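Residues per chain, in single letters:
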Amino acid sequence: MVEWTDAERKAITTLWGMIDVGEIGPQALTRLLVVYPWTQRHFGSFGNLSTYAAIVGNAKVANHGKTVMGGLETAVKNLDNIKNAYAKLSAMHSDKLHVDPDNFRTLAECISVVVAAKFGPSVFTPGFQEAWQKFLAVVVSALGRQYH
Amino acid sequence: MSLTAKNKDTIRTFWAKVSSNAEAIGADALSRMLVVYPQTKTYFSHWKDLSPGSAPVKKHGATVMAGVADAVAKIDNLTAGLLNLSELHAFTLRVDPANFKILSHNILVVLAIMFPSDFTPEVHVAMDKFLSAVALALSEKYR
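Order-wise, the sequence lines are chains U and E. Residues 1474 to 1621 (the working numbering) make up the first sequence, in order. Residues 37 to 179 (the working numbering) make up the second sequence, in order.
There could be a bad hint or two in this list.
[As the list claims (entries may be wrong)] In the BS3-like style, the derived pairs of lysine-lysine whose C-alpha atoms are separated by at most 27 Å in a straight line are:
1. K110/E with K44/E
2. K77/E with K1607/U
3. K1539/U with K1607/U
4. K1591/U with K137/E
5. K165/E with K44/E
6. K137/E with K95/E
7. K1591/U with K165/E
8. K1607/U with K94/E
9. K177/E with K95/E
10. K1569/U with K1533/U
11. K44/E with K177/E
12. K1533/U with K1561/U
13. K1533/U with K1591/U
14. K77/E with K137/E
15. K53/E with K165/E
16. K53/E with K94/E
17. K1483/U with K77/E
18. K53/E with K42/E
19. K1591/U with K53/E
20. K94/E with K1591/U
21. K1539/U with K1550/U
22. K84/E with K137/E
23. K137/E with K42/E
24. K137/E with K1607/U
25. K165/E with K1607/U
26. K137/E with K44/E
27. K42/E with K165/E
Hints are computed from structural coordinates only; laboratory data are not their basis. These figures come from a predicted structure and were not determined experimentally.
Please take these sequences and the hints and turn them into a complete structure.
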């Protein structure tokens, strides 16, 4: 089981309380598709992703970013049981969506960059960054667990 | 994944904007690396103080960013330009190359923090490619 210090729990819930998933989610997914363009392979049905402007203006990307970011709510509410809380979602990403789990790690990095830009140095301190990245690493691990 | 002409322009333009803050960027990136990835502290057991913003961290952050500045200047041939630095890292420092990726991530986080409106996704991809290319050049002499 993952051990969280009180400081880490506080950092995670504080950050989560400040995050607007409708704002951060789309930005993070946009960054993923722009910075790591091979990830576009999973979004063939999203229409035009051929240019930067197309990605930024794509409503399906924005919507999906919001969905994915909202999915972190499960983890925040189940900090001591993230592994099991994501079992079904993990199986789905493996068996239905066929997403390479390395993409979860890459998206987590994009989320951290967007959160850093949004909240700046006084909120996103090294201590908060540590807690937040640990949190995302646990989610990433849980999402990859049901792959076979 | 080599740098396109457009990437290089983006990098040079962005670097011109941020380079006056190079020491602060380096200090913050290094501080964060040591806190968020504690295994990296193993390379600095000879320092008295590894806490964020400490004197040795600040000094070394400046050293690292001077290397990045040098790389920007030699962007058209990083492998040749960073040969001496590669030898230093390969034979003297013997830093596991996996750590280049870790420090690069923290540099990107600090750039996002310090320059939120300039660090657009387009700048982000160019800088990520650039730091990856620098890491590759630094690994050149390892084996």
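Open item on the list: So if I understand the rule, the pair passes when the alpha-carbon distance is 27 Å or less; does K137/E with K44/E pass?
Closed with: holds (20 Å)
Open item on the list: Check the hint pairing K77/E with K137/E against an upper bound of 27 Å on the C-alpha distance.
Closed with: holds (15 Å)
Open item on the list: Check the hint pairing K177/E with K95/E against an upper bound of 27 Å on the C-alpha distance.
Closed with: holds (26 Å)
TODO: Below or equal to 27 Å on CA atoms is what counts here, so check K84/E against K137/E.
DONE: holds (25 Å)
TODO: Verify the proposed pairing of K165/E with K1607/U, using a straight-line Cα cut of 27 Å.
DONE: holds (25 Å)
Open item on the list: Holds or violated: K165/E and K44/E, Cα atoms, limit 27 Å.
Closed with: This hinted pair holds, its Cα atoms lying about 10 Å apart.
Task: Holds or violated: K137/E to K95/E, with C-alpha atoms at most 27 Å apart - done: Satisfied, since the Cα-Cα distance of roughly 21 Å is no more than 27 Å.
TODO: Decide if the proposed pair is consistent with the structure: K1539/U and K1550/U, CA atoms, cutoff 27 Å inclusive.
DONE: The given pair, whose Cα atoms are some 18 Å apart, holds under the 27 Å limit.
Open item on the list: Need the status of pair K1591/U, K53/E: alpha-carbon distance at most 27 Å?
Closed with: holds (20 Å)
TODO: With a cut-off of 27 Å on the C-alpha distance, tell me whether K1483/U and K77/E pass.
DONE: holds (25 Å)
Open item on the list: Does K44/E sit within 27 Å of K110/E, going by the straight-line distance between their CA atoms?
Closed with: Holds. K110/E to K44/E sits at ~11 Å (cutoff 27 Å).
TODO: Assess, step by step, whether the Cα of K1569/U is no farther than 27 Å from the Cα of K1533/U, and give holds or violated.
DONE: holds (19 Å)
In this structure, every one of the numbered hints holds.
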